[in-house]
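Build out the structure end to end from the sequences listed, making use of the hints.
Chains A and B, in that order, give the protein sequences. Counting from 1, position 121 in the first sequence corresponds to residue 121 in our numbering; the numbering is continuous, with no gaps. Counting from 1, position 46 in the second sequence corresponds to residue 46 in our numbering; the numbering is continuous, with no gaps.
Be a bit skeptical, because a hint or two may be false.
Pairs involving identical chains hold if they fit within one copy or between any two copies, as the list cannot separate such chains.
What the hints assert, rightly or not - Computed list of lysine-lysine pairs in DSSO-like fashion (alpha-carbon distance at most 30 Å, straight line):
(1) Lys78 x Lys67
(2) Lys48 x Lys184
(3) Lys67 x Lys41
(4) Lys59 x Lys184
(5) Lys154 x Lys187
(6) Lys48 x Lys154
(7) Lys95 x Lys41
(8) Lys41 x Lys101
(9) Lys78 x Lys187
(10) Lys59 x Lys146
(11) Lys95 x Lys59
(12) Lys78 x Lys184
(13) Lys184 x Lys76
(14) Lys48 x Lys95
(15) Lys184 x Lys41
(16) Lys121 x Lys59
These are calculated hints, taken from the structure and not from any lab test.
Protein chains: 2
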Amino acid sequence: MLNEKPHLTLKHLTLKHLTFNIINVQITSEYLERAIEQLAKLPGTGRKSAQRIAIYLLKQNDDYAQKLAQAIVDLKEKVTRCSICGNVSDSDPCKICDNPKRDPSAICVVEEFNDVYIIEKSNEFRGRYHVLGGVISPMDNIGPDKLRIQELLKRVGEDDQINEVILALNPDAEGEATSYYINKLMKEYDVSVTRIAYGIPMGTELEFIDEATLSRAFASRNSF
Amino acid sequence: MLNEKPHLTLKHLTLKHLTFNIINVQITSEYLERAIEQLAKLPGTGRKSAQRIAIYLLKQNDDYAQKLAQAIVDLKEKVTRCSICGNVSDSDPCKICDNPKRDPSAICVVEEFNDVYIIEKSNEFRGRYHVLGGVISPMDNIGPDKLRIQELLKRVGEDDQINEVILALNPDAEGEATSYYINKLMKEYDVSVTRIAYGIPMGTELEFIDEATLSRAFASRNSF
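Laid out in structure tokens, this is it:
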């Protein structure tokens, strides 16, 4: 009897596959599904991470979920941008622009507000900031008009106290292009444009440094 | 003049370090800070990811943040556990336990509710589930009493229709230990205990299979 054992043919596979697509998953909690769906939209979070977060939230006994939800709502409703520097702030102008103890002569240009946080943590810079809100990136369709560059020019043009603009953008292609662009525009103003030093990070060993960094470190060498 | 250039001594470094600790970062938005703090508590999310999520939420124009917050609140307030199978559900009993079309003779034992989702998606199993809520893990201080094992025994003991308990736990040390434990307890009941086959996954090549899987595949070989 040749036909006793069913043969697995391509037709079988296709039929099976079709059945698979037709019958839906029985979802027991629409609310859970909705939460996973929303969480999965967060950057760096896929469906698996979203499920893990949802399990975590479900298992928490305290009012953490409530606090998290409130913090997200407040974030959207109460956090604004400083009209002077573009930094995120609860007030306008922000605490840094409004602080008379900050050095009014220097502006540090950064990409995003988290860079302000990082520089503030280093406690090296006591001037004020200008947050561009991004960098020039033709690939992502971000031109100079989408950044707060006009605001920077206006600020530098109107405030006589400013005599230095320090560029502190990331040392990648977009950051470099943006630095060059701003430097060029600044030539019309009576300010010196500097940028933070790119080179060998402290505490590392030369053998672990990539060539681009090493090459920059040589090009930007200082007298000892 | 030997002392023209200041020497960097350990004392300088220590003083500088102290200064660094004394002066605080000037935070411009308390609400943003609070949101980052709450987001950073999520599993798999550190401060950097939390910042990235906060930037993303701030930049969204639509009402996504509101929807996300509502979904999180609903998750905690409206999602409950099915008192029969322990699966997450908007109703009690859940849609699967309450569905007369599901096969009443088989119970599939899984670790967590997301396993139910995965098995439902495969559309292979038409019985009902039992969600343990974890696996035995002495390292994490999770004993059998913290899992829904007593509920499983009660269910099998009280429902005469059940004649098969299928174990579908993860094939790691904890999953194996839990499977053995449940199998042992089930000997007192008139049900057959089976477990899903562990072996070579479909569509892979033998050369990419680890030894433990290969060894299991040989031990569990079937007649062709």
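Tested hints:
1. In this homomeric assembly, lysine 78 and lysine 67 come within 30 Å of each other (Cα to Cα) both inside a single copy, at 15 Å, and across copies, at 17 Å.
2. Neither within a single protomer nor between protomers do lysine 48 and lysine 184 lie at most 30 Å apart by alpha-carbon distance, with minima of 47 Å and 33 Å respectively.
3. In this assembly of identical chains, lysine 67 and lysine 41 lie within 30 Å of each other by CA distance both inside one copy and across copies; the values are 20 Å within and 11 Å between.
4. When the C-alpha separation of lysine 59 and lysine 184 is checked against a cutoff of 30 Å, the pair qualifies only between copies, where the shortest distance is 29 Å, while the shortest distance within a copy is 55 Å.
5. In this assembly of identical chains, the alpha carbons of lysine 154 and lysine 187 lie at most 30 Å apart only when taken from the same copy (14 Å versus 81 Å across copies).
6. Taking the shortest Cα distances, lysine 48 and lysine 154 never come within 30 Å of each other, neither inside one copy (47 Å) nor across copies (32 Å).
7. With identical chains, the CA atoms of lysine 95 and lysine 41 are at most 30 Å apart between copies only, with a shortest distance of 27 Å across copies and 32 Å within one.
8. Proximity of lysine 41 to lysine 101 under the C-alpha cut-off of 30 Å is found in neither arrangement, the shortest distances being 42 Å within a copy and 35 Å between copies.
9. Proximity of lysine 78 to lysine 187 under the C-alpha cut-off of 30 Å is found in neither arrangement, the shortest distances being 38 Å within a copy and 61 Å between copies.
10. For a Cα distance limit of 30 Å, the shortest separation of lysine 59 from lysine 146 across copies, 13 Å, qualifies, whereas the shortest one inside one copy, 43 Å, does not.
11. Taking the shortest Cα distances, lysine 95 and lysine 59 sit within 30 Å of each other only across copies (21 Å), while inside one copy they are farther apart (39 Å).
12. In the homo-oligomer, the alpha carbons of lysine 78 and lysine 184 never lie at most 30 Å apart, since the shortest distance is 36 Å inside one protomer and 58 Å across protomers.
13. Taking identical chains as interchangeable, the C-alpha atoms of lysine 184 and lysine 76 are never at most 30 Å apart, the minima being 36 Å within one chain and 54 Å between chains.
14. With identical chains, the CA atoms of lysine 48 and lysine 95 are at most 30 Å apart between copies only, with a shortest distance of 23 Å across copies and 40 Å within one.
15. For the homomeric pair lysine 184 and lysine 41, neither the shortest alpha-carbon distance inside one copy (39 Å) nor that between copies (44 Å) is at most 30 Å.
16. For the identical chains of this complex, lysine 121 and lysine 59 are inter-copy neighbours only, at 24 Å across copies versus 35 Å inside a copy, given an alpha-carbon limit of 30 Å.
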